[in-house]
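Q: So the protein sequences, as listed, match chains W and G. Throughout the first sequence, residue numbering follows our numbering, covering 1 to 618 in sequence. Throughout the second sequence, residue numbering follows our numbering, covering 1 to 618 in sequence.
Some hints could be false.
Copies of the same chain are indistinguishable here, so a pair counts whether it falls within one copy or spans any two.
[Claimed, not checked] Simulated pairs of lysine-lysine, DSBU-like, Cα-Cα distance not exceeding 35 Å:
1. 483 x 254
2. 483 x 305
3. 254 x 600
4. 305 x 600
5. 345 x 305
6. 345 x 600
7. 305 x 254
8. 483 x 345
Simulated from the structure, these hints should not be mistaken for laboratory data. Quick caveat, the model's predicted, so the values are computed rather than measured.
The chain contents come next:
There are 2 protein chains.
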Amino acid sequence: MEPDQQQELGQQLRVDSVRAAAAAGSGHPTSSMSAADLMAVLLAEHLRYDFTDPARPGNDHLIFSKGHASPLLYAMYKAAGAIGDDELLSFRRLGSRLEGHPTPRLPWVEVATGSLGLGLPTGVGVAWAGQRLDGRPDRVWVLCGDSELAEGSMWEAFEQAGYEHLDNLTAVIDVNRLGQRGETRHGWDLDAYARRIGAFDWHTIEVDGHDVAAIGRAYAEAVNMRGRPTAILARTMKGRGVAVVQDAEGAHGKPLPDAEEAIAELGGVRDIRVRVQPPAAAAARQATPAERSGASLPRYELGAKVATRAAFGDALAAVGAAREDVVVLDGEVSDSTRTQAFAGKYPDRFFECYIAEQQMVAAALGMQARGLVPFAATFAAFFTRAFDFVRMAAISRANLKLVGSHAGVSIGEDGPSQMGLEDLALFRAVHGSVVLYPCDANQTAALVSTLAADHGIGYLRTTRGGTPVIYPPGEAFPVGGSKVLRSGGDDRVTIIAAGVTVHEALIAADSLAADGIAARVIDLYSVKPVDTQTLRAAAEATGSFVTVEDHWPEGGLGDAVLAAFADGHQAPRITKLAVHIMPGSATPAEQLHAAGIDAKAIEGAVRAMVDADQAAAR
Amino acid sequence: MEPDQQQELGQQLRVDSVRAAAAAGSGHPTSSMSAADLMAVLLAEHLRYDFTDPARPGNDHLIFSKGHASPLLYAMYKAAGAIGDDELLSFRRLGSRLEGHPTPRLPWVEVATGSLGLGLPTGVGVAWAGQRLDGRPDRVWVLCGDSELAEGSMWEAFEQAGYEHLDNLTAVIDVNRLGQRGETRHGWDLDAYARRIGAFDWHTIEVDGHDVAAIGRAYAEAVNMRGRPTAILARTMKGRGVAVVQDAEGAHGKPLPDAEEAIAELGGVRDIRVRVQPPAAAAARQATPAERSGASLPRYELGAKVATRAAFGDALAAVGAAREDVVVLDGEVSDSTRTQAFAGKYPDRFFECYIAEQQMVAAALGMQARGLVPFAATFAAFFTRAFDFVRMAAISRANLKLVGSHAGVSIGEDGPSQMGLEDLALFRAVHGSVVLYPCDANQTAALVSTLAADHGIGYLRTTRGGTPVIYPPGEAFPVGGSKVLRSGGDDRVTIIAAGVTVHEALIAADSLAADGIAARVIDLYSVKPVDTQTLRAAAEATGSFVTVEDHWPEGGLGDAVLAAFADGHQAPRITKLAVHIMPGSATPAEQLHAAGIDAKAIEGAVRAMVDADQAAAR
């Protein structure tokens, strides 16, 4: 397309952004207008994409890290013929796929954005897996805002991409100078950004973001760059082309004051159609015969003491042998999480993220967008660092497996900073998530295999220390299930536990049984979804529950049990045991005792409930 | 102290680190040994600190961002005479103040560390408030690891400190080349770090971290540097001084194989005492007469429609007028959170953090360590970005006020990326936290004042749109309280709501009343702690609850209500209404309806419970 046509296309993208926001009565047209020329040139000349087949191998990847510029993205889709004008004008309306910020409800959107600082690290994941595994000539283009350069996650991404020489990645940075409430830190000082990004071993290009010829040259330079990712720093004007909002403060995130006037000022409505160039022929990833045939999982003998984190590591390696689509990411703690077993066997599919949990989760998100099945692991506590990305992954309808080791006070001496004590609450509060907390090695192995097979966001919580194997190899552990470990006709209380507390519950139940008090014991390994049916049967049979978890009292196992009755059913009487003090350093056994979640505490809680029943019956 | 004595002191710090870890049977002696010379020189010559009076104005601040090097820190305390050898050897034992990672259980520790990437941004907060408000010559020294330079939060800190010209801040970076499981990205390439950090407008110095004379010169240069913070990049060896672990992989986080042999190799046990120089005389911050006299809060008329975020902004400015110790931080969204009212009146006490939520929360953490009362605000959704720092703040026993705006689906068209839908779950799962969710402007103002007055971590959830004022000005809203808004002798169901759903609940109750169904309505504005007494009375009176919240079903209001009965009490029958679909874009009213949490949904749930009761009675 000729430069003057590209310029016209830029104006069309502006006009359509203004129209979409006007129709919606909200949105971010000015943030779209600054980047319109950048995206016009990309769409017309440099993007390789088949809009009729978003899954086509070889397609480029376009990620709007500045997701609030969604009107611009949708205007591009219209120019490419992917959506019609009617749909464009449904922007932000109930039921429309054109949400305020892009989501994969649109087939051309790979990951939801709208939380700043997410798109670039996700693009790193897409590019990294492309470089390592697919060897295809597809490129990753990420449109970034200047405001979001304040986010640390962007610098994790610059570091990771520079270090991995991801020359298939281009960051297009729309430096429009204005954030939400005023000027950014560095305004139009492109050099300030170039100095920083260049220091992370990126190639940088500074350009006038409204000069289509210069933009085109920058893209060509980026495509031809070898060994380094490229950042194009484009000096632009927010609201470009409409005097009343151009480079003006106070014009963020709202429709233009007079849309008709603005459209006239921009030269009126156009209907330029771009024939976006499709990618060169590329083969889809070949599935191996073994793939999806089921892994040959490790088997552990009953009674052996094995840490569930170790079983996770072994099982992950076994799943990796069966499935070539499984990739593993770790935050420089693979000797602790035990992903090292996988890393040793499948180094090409192991991605070392160093201590950058946000980049790790974002890279996993990017890799699943390529159809891979990523497992990302670190200490359970350190997923708190990346939780925004997990939240956003749910909006992306992502297929993401996260594994947190060193759960709870049972880690012992290292103290509270290393203890995952809120991870169940966090991961339960993710829309559509699955939360699993195994207590033994065979159970862990089975759940790892299930996680790999099922689509969605799954979290597995593992334990640092060894726990006895209580299930035989090969036993089935469906998501949403539970195991009744002790049960009889005269059960007076049900003890519900998961992970390390299952073993405490069994000790307590045996001690109580010796004293003539029968207690049912349920291993609630599937914390979300919970096995409502088994819990309701236990409530009916025993009337009283004691729940016990190595987690803060809020949002974990006990709350999950209570919630199983919160659809109008009568809940049983419940005593919830959980970590009720701020722990310090101590041995694992001392920690469980001090927190009030060991066998002794369970036994005491059961006795108190039985005594209360007897007193009530008198 | 002479250089050779400083060297001896370094050896003593190594020996004591080895001894502490040996006594504990765990810990990180090798990570302590790399930094021993750096800390010996600091303690002997450059730190200005009165160990007998940790609260003394003018004291320097020493933060171990690499908190796992706690044995080194404790060895320094011993050398300074602050603790004895017996206490040193209590390291990591039950009840000891010398935890695996430092916490403020020790009076010389200002903030807990142990999650990497936290100490430097926290130090930025300490230095920033010092520069702006205190004008004292105290310095902030932060010992950083090289591994943690992968964390984005470190780069948020470099950017913020460079931009603010914090020349009272020195980062001492212990580049020992080895992370937990192997070499770091850049190994001993000090230039790689210097290039990056220098690009963020820091002064950098590269030094041999075992050459005490060179270290001393670097510290002097840092102290004399004007206009820029200084990073001292020290090339060190992990496990320095003991051949079997020196610069060796596989020696992270464990005691030395033979402590006695190692101590001998290090020249044996020493007992050098350092007379740490106290700070120059400095005045404590002057409290104004108005301070702590109580703010003159804004007053809103009954029936007016006011957004709680707006009331928060007004109340915060009022509290700021009364209390000079209140400081405010915002993540470049002050026009949305409404902290702009405070910023306009008290610009010296307003800290713009740009879009860097981790740095914002960490800076607040640092400022409270100076005795200030920080309020940090952003969208509720974006606190998910900084949650690790909130978690760690609880371990710090911090006094921190966090305010999240744009809660829930009620924000409307912007879509799920901007909606805080998991914030109640997150903040409830913080040890000792207070979680408040007001429904009207006068209630908001009262709660802001309470938050400022009470010590601890408090979270306030505000709403984007206007809601009717239903409480008169001046009404009291204690933490742990609730308000019964509708009540009668024939109540058949209790509706429990907070924030925006209170108004839906009132509409539903009125509609039900017109139909002869009496429903109690409780405004549970204190989500943590909950008003157990009022809930139990309601359970006794009505037998059935409907809870309704603009939040995912997990970990929020409904779970808080259920948990109020989880100490062995019989809970009432509960129907929990919460956001059960992934929202898209729509108007606020459409969102509440689609999520199943509007008046209509509440009415339906109440009718279903009443019908079930009648069916059961038949």
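Q: Confirm or reject each hint.
A: These are the hints, each one checked on the structure:
For a Cα distance limit of 35 Å, the shortest separation of residue 483 from residue 254 qualifies neither inside one copy, at 54 Å, nor across copies, at 37 Å. With identical chains, the CA atoms of residue 483 and residue 305 are at most 35 Å apart within one copy only, with a shortest distance of 20 Å there and 52 Å across copies. Taking CA atoms no more than 35 Å apart as the test, residue 254 paired with residue 600 passes between copies only; the shortest distance there is 31 Å, against 60 Å inside one copy. In the homo-oligomer, the alpha carbons of residue 305 and residue 600 lie at most 35 Å apart inside one protomer (21 Å), although the nearest pairing across protomers, at 54 Å, exceeds that limit.
In this assembly of identical chains, the alpha carbons of residue 345 and residue 305 lie at most 35 Å apart only when taken from the same copy (25 Å versus 63 Å across copies). For the identical chains of this complex, residue 345 and residue 600 are neighbours neither inside a copy (43 Å) nor across copies (57 Å), given an alpha-carbon limit of 35 Å. Proximity of residue 305 to residue 254 under the C-alpha cut-off of 35 Å is restricted to the inter-copy arrangement: shortest distance 22 Å between copies versus 61 Å within a copy. Proximity of residue 483 to residue 345 under the C-alpha cut-off of 35 Å is restricted to the intra-copy arrangement: shortest distance 33 Å within a copy versus 61 Å between copies.
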